[in-house]
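*Asks:* Chains as they are written, first to last, in our numbering: chain A, 1 to 107; chain B, 1001 to 1508; chain C, 2001 to 2588.
It should be emphasised that the hints constitute simulated quantities derived from the structure, not laboratory data.
Please read all numbers here as calculations on a predicted model, not as lab measurements.
By construction, the Cβ of each residue, glycine as well, lies at the ideal position given by its N, Cα and C atoms.
There could be a bad hint or two in this list.
Label-pair ranges, simulated between beta-carbon atoms [to be verified]:
1) C:L2569 <-> A:P2: 39 to 47 Å
2) C:Y2124 <-> B:G1177: 45 to 53 Å
3) B:G1223 <-> C:R2127: 54 to 62 Å
4) B:G1123 <-> C:S2549: 32 to 40 Å
5) B:R1121 <-> C:S2033: 47 to 55 Å
6) A:L69 <-> B:H1224: 53 to 61 Å
7) B:L1022 <-> C:S2549: 39 to 47 Å
8) B:L1048 <-> C:M2512: 41 to 49 Å
9) A:L83 <-> B:T1375: 52 to 60 Å
10) C:S2549 <-> B:L1048: 49 to 57 Å
11) B:L1221 <-> C:G2547: 35 to 43 Å
12) B:F1089 <-> A:A50: 32 to 40 Å
13) B:Q1214 <-> A:L69: 41 to 49 Å
The primary structure of each chain is shown beneath.
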Amino acid sequence: MPLVLPLLLAVVLFCLGVYGVLARRNAVTILMSLELMLNAVNLNLVAFDAWHLDGLATGQTLAVFVITLAAAEIGLGLAIVLLLFRGHGHVDADAARDLVEHEESPT
Amino acid sequence: MNAILLGILALPLLAALALWALPIALGDRLAALYGAVVSGLVLVGSVLLWQRTEGWFAYSGVQQRLGDSMRPLAAVTDGPWIPPLGVRFHIGVDSISVPLIVLTALLTFLCCIYSLKITPRIGRMRSLIALLLVIEAGVIGAFSAMDLVLFFVCFEIVLIPMWLIIDIWGDDHDRAGRKRAATTFVLMTVFGSALMLLGFLLVYRQAGTFDLVQLTNSPVLGGHGVPLAAALLIAVGLAVKVPLWPLHIWLPDAHAKAPTVGSVILAGVLLKLGTYGLIRILVPVLPDATVTIAPYLAGFSTVAIIAGSLACLGQTDVKRLIAYSSVGHMGFIGLGIASLSEAGMQGALFANIAHGIITGLLFFLAGAIKDRHDTSDLRTIGRALYARLPRIGALLTFACLASLGLPGLAGFWGEMLILLGAYNPADSLPRATYLVFMVIAGLGTVLTAAYFLRLIRNLCQGDPADNPASAFAVDLSRIELITWSPLVVLTVLLGVWPGLLLAQWGNL
Amino acid sequence: MIATVWRVAGVGFSLLLILIAGLLYGVAPEQTSFLNSSVGDLTIGFAVRTDDLTVLLLAVVGVVATCVQVYSLSYLHERAASYHALVTLFTAAMATVVVADSLFLLLIGWEVMGACSYLLISHYWERRDARSGAVKAFLMTRLGDVGFLFGIFVLGVGAGTFRISELDPAQISPGVLTAGTLLLLVGVVGKSAQVPLQTWLPDAMPGPSPVSALIHAATMVAAGVFLIARLYDVFSASATTMTVLAVIACVTMLFAALCAMAAVEVKRVLAWSTVSQLAIMFSALSLGTQEGRHAALFHLVTHAAFKGLLFLCAGVLLHQVGSAAFVVLRRYTRRGKLRKTLRVTFVTMTIGLAALAGVPGFAGFFSKDTVLEAAWEHAHKDGSAIGWVVLASVGLTAAFTAFYCARLWLWVFFRTPALAGAMGAFEQDDPMADLEDPDTSKLKEAPWLMLGPLVLLAVAAIGLGYVDGLHLNWVIALGSTVLVLFGVLPAYSLWSRGADPRPVVLEREFGMDRAYHGLFVVPVRWLSKLSVLGDRDVIGAYVRAVGRSGTLASQGFRLLQTGNVQTYLTGAVVGVVALAILAGVIAR
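Model the full assembly from the supplied sequences, consistent with the hints where possible.
*Replies:* What follows is the structure in structure tokens.
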């Protein structure tokens, strides 16, 4: 199988993920889009590993790492989303603007 | 010998740290006493350094190439500090730094003694004394540093304590004003030192070392290109500190808002860092490039003399007036350095010391007047100080006469030698231009006299009937007498016996 | 207590000067230098010397200072400590000038005198005229001193030494010599109040009268004459300088004498006469001959005696009457009181005025005669134009001097028969003059502590004329006597008719004061305003603008902080993509 096919698929997945993260409002959807992006990277890793064949299977090892990381990350992310829901009563990323810079300056 | 130098460097720093570490219960008087003891020890140490130095290392006039007459530094300590960068901890003193170190130690000591009785209204003497000691250590470090980076570090160490002193203990009627003054001071000076650091890096790129002794013995030659850029950067960076017109704008505000001891240290010691840097670094390290920029330096100095004096004539605030007078006096020093002649150099060194002593006295007096009237505005203070505070008025007159360069007092010799240097500048410089500068600077001395006489006339003289004495105004107190008399004595002594310092520098 | 100490110290110090002068009399000239340090090729340090000139001037300074100190004991009571201390310091500074062999030591004395003069003129600092007069005196002399300092540079660097005794005109190139002496002359002109720096001396008169006697008649202003006499070899080697000096002196002596003819205050008349008499000394020096130098120094000595005397007499008037303005004195005179009560003062002042006017038999006559004689010799023998000009202007000045002396004497001490007790010509100065009559019963003669010095100086004002030996050129003596008569007669005739015409241009002193004010003081004030505003609104504005632009930029960037995480991320992604493209482009 030519290398380009999995890579193309990864690009599509990644772009979908980027779109989801940047454009969707629901925080859970954003988290799912994040997973998409991570998995696109995983796909890349595995594909390059199969192509490169360095004997140590570095790419696959890294992919396992990323999966672990993604699991941890989704745990944290869902916890934050849960807190957001408890505090604000919604999970709308556009409406959660606690970090906004207010007009009155502290100095 | 080098133990003494290390001692007077480390002692104030450690003492300041110890002062901060001590429990809060320490009283104001005790803190001042502690500061006085420490700075007194430093003063003794610096005087001990004096005896054993002679000559001026490695400077033999710009006309002859440098490095022939290398005289050894005294009290050298030389060790690696940041080896990967080639930065060394190299300190030592020679005859141009020792008088300045003694002046620093003396003024800090007097400020601590003064603080025994007279303190800013805010209190918190413990921190003030500690900051004064940090400044003292930084300045002595800068005066003895023989490595460009070390010089830069010491130069910067001084900055933050001074900023805090102006910001915290400054004029308590004008909170916003003193904040602004402190910020302007710190930002402009940091801007200057950034330029200076760039210049140092260029020097390093050209010469491959930061070591001043090596650089002085094998200077960066060439009056164009990179050496010129380095000289310009260093000169502008130091000119902010000097301060040279038109970079002087931070000075009047900083002085006017600072507490008395802050003004004394700022005028008496910190301004000297700039001129010392010009003499120690710019002239010997970049001789050819210095010749290229010297006429411009002299021109700006001459403008500073005239502009500073004219601005003084229009001031209505005692402290601002004295601050502006520093601009004029430092302009003289700049002119002396820019003449690159032996007379001009020695005059600049002499004027450095004399200005530190006389302006220190003037700021002490202005502080005393301000404390007694709770303002430094001439119109609010009123006139006829001779009737209300006769002794302080008389001392103010004395200090003004000394500052305007009356022969027989310390202020004269420096200015005289500087004018002589401008009359007879180094051969590589355009003489006619310098003659014009000399004449303008000579007229500047008349303007200097004019504004000091105006000050005396508007402050000391006048009809006592219109300006009754206020009930709280007491004349010269004992602590003031003790603090000021060394300055008065030195003013007269250096005035009648200039050889005391001139012999120290010998034939450059 | 402190005042007493300073009184004793002051009198003691001036007596000491006389003693030193006596001890040094006849001692062979020698020089000693001390506290030297070398700056480059030059040596900067101090040196003192003794010679005839030193001894002469020390004696003059000592005697006048003693008279003034003793006189002041009873003249001055308030702020006596600072007064006596300053007078003593002043005397010491003058002595320094006299003994100095190093130009820098001389400069120290020279300028310390200026500072003491400033402080003493403003002794009555409550008075506005005293304050402004003091500032004016200091600034104008300081302006001259800048030239003086530059002159020292030029001569010292040119000759390679700052020692007076080592200055050899033969070894200095003529250009340097002329430039140096001309610059020194600027200082001399400032110190001795010659045209065009003359306006400070009349305005220095609000100071205490003994100070005027010491500083503004006998010593400080005479220091200029002394300096040229000291450096006579150097000065006379430059013909240009001598010509300039002659022109300045001739213009000044006539100018000042004319101003004195219209002044209406005793001290102001005396001040202008001082300027005029100093100019006579300078004119004698400008001849460039040894006779000229001798005549100038002779006139310096006699002038110190009679002008000191006159100022002390004016001090008595001020002390006893309260004012030295003609109009006030006339109120006493019209009752015939002044002359009868102040008998000693009247007699001594008459002697002083006679000496000043050059009445035969008094000291001023002989010394002025010597000047005329020197000028005549120079003009006649060497056929020099300078000699003729000096001769003519000194002669003319002699007539003017006689005029204003007679005018002063008559109007102050004598009733005018033609006016029958009215105020006469000075009425217009004071509209209340006729209504207000002073209480003349309280007027009494001054204490003997003040009169003693007067008598001593009066004796000197006669006797000093004979110490030089009588060697009169009878033609010149006769001529100058006639000139004095020419001056006295119009004064008498005007007085007897009760008229005192004062041309406006003379009363305003040729408008020079106002011109200087307009030319220098006003522009400097404008420039100072400009400088303050420039600092605040131009240089300060740039600094503030830098600060403000920083604040503005931070406000602008803060707007990007929307709080929407997705916006930030979009920015980050765009940035990453842009960087990647950039990296690709660069890699290509």
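*Asks:* Now look at each hint and say whether the structure bears it out.
*Replies:* Verification of the supplied hints:
Checked against the hint of 39 to 47 Å, the C-beta distance between L2569 (chain C) and P2 (chain A) comes to roughly 33 Å, which is inconsistent with it. Roughly 39 Å separates the CB atoms of Y2124 (chain C) and G1177 (chain B), a value that falls outside the hinted 45 to 53 Å. A hinted range of 54 to 62 Å holds for the C-beta pair G1223 (chain B) and R2127 (chain C), which are about 59 Å apart. At about 38 Å, the beta-carbon gap between G1123 (chain B) and S2549 (chain C) stays in the expected band of 32 to 40 Å.
The beta-carbon spacing between R1121 (chain B) and S2033 (chain C), approximately 54 Å, falls within the hinted interval of 47 to 55 Å. Between L69 (chain A) and H1224 (chain B) the beta carbon distance is about 58 Å. The supplied range of 53 to 61 Å therefore holds. The hinted range of 39 to 47 Å is satisfied by L1022 (chain B) and S2549 (chain C), whose Cβ atoms lie roughly 44 Å apart. Taking the beta carbon of each, L1048 (chain B) and M2512 (chain C) are about 60 Å apart, not inside 41 to 49 Å as hinted.
Taking 52 to 60 Å as the suggested C-beta distance range, the pair L83 (chain A) and T1375 (chain B) conforms, at roughly 58 Å. For the pair S2549 (chain C) and L1048 (chain B), the beta carbons lie near 51 Å from each other, so the given range of 49 to 57 Å is met. Taken as a hint, the range 35 to 43 Å holds for the pair L1221 (chain B) and G2547 (chain C), whose Cβ atoms sit roughly 40 Å apart. Checked against the hint of 32 to 40 Å, the C-beta distance between F1089 (chain B) and A50 (chain A) comes to roughly 58 Å, which is inconsistent with it.
Q1214 (chain B) and L69 (chain A) have their C-beta atoms about 54 Å apart, which leaves the hinted 41 to 49 Å range violated.
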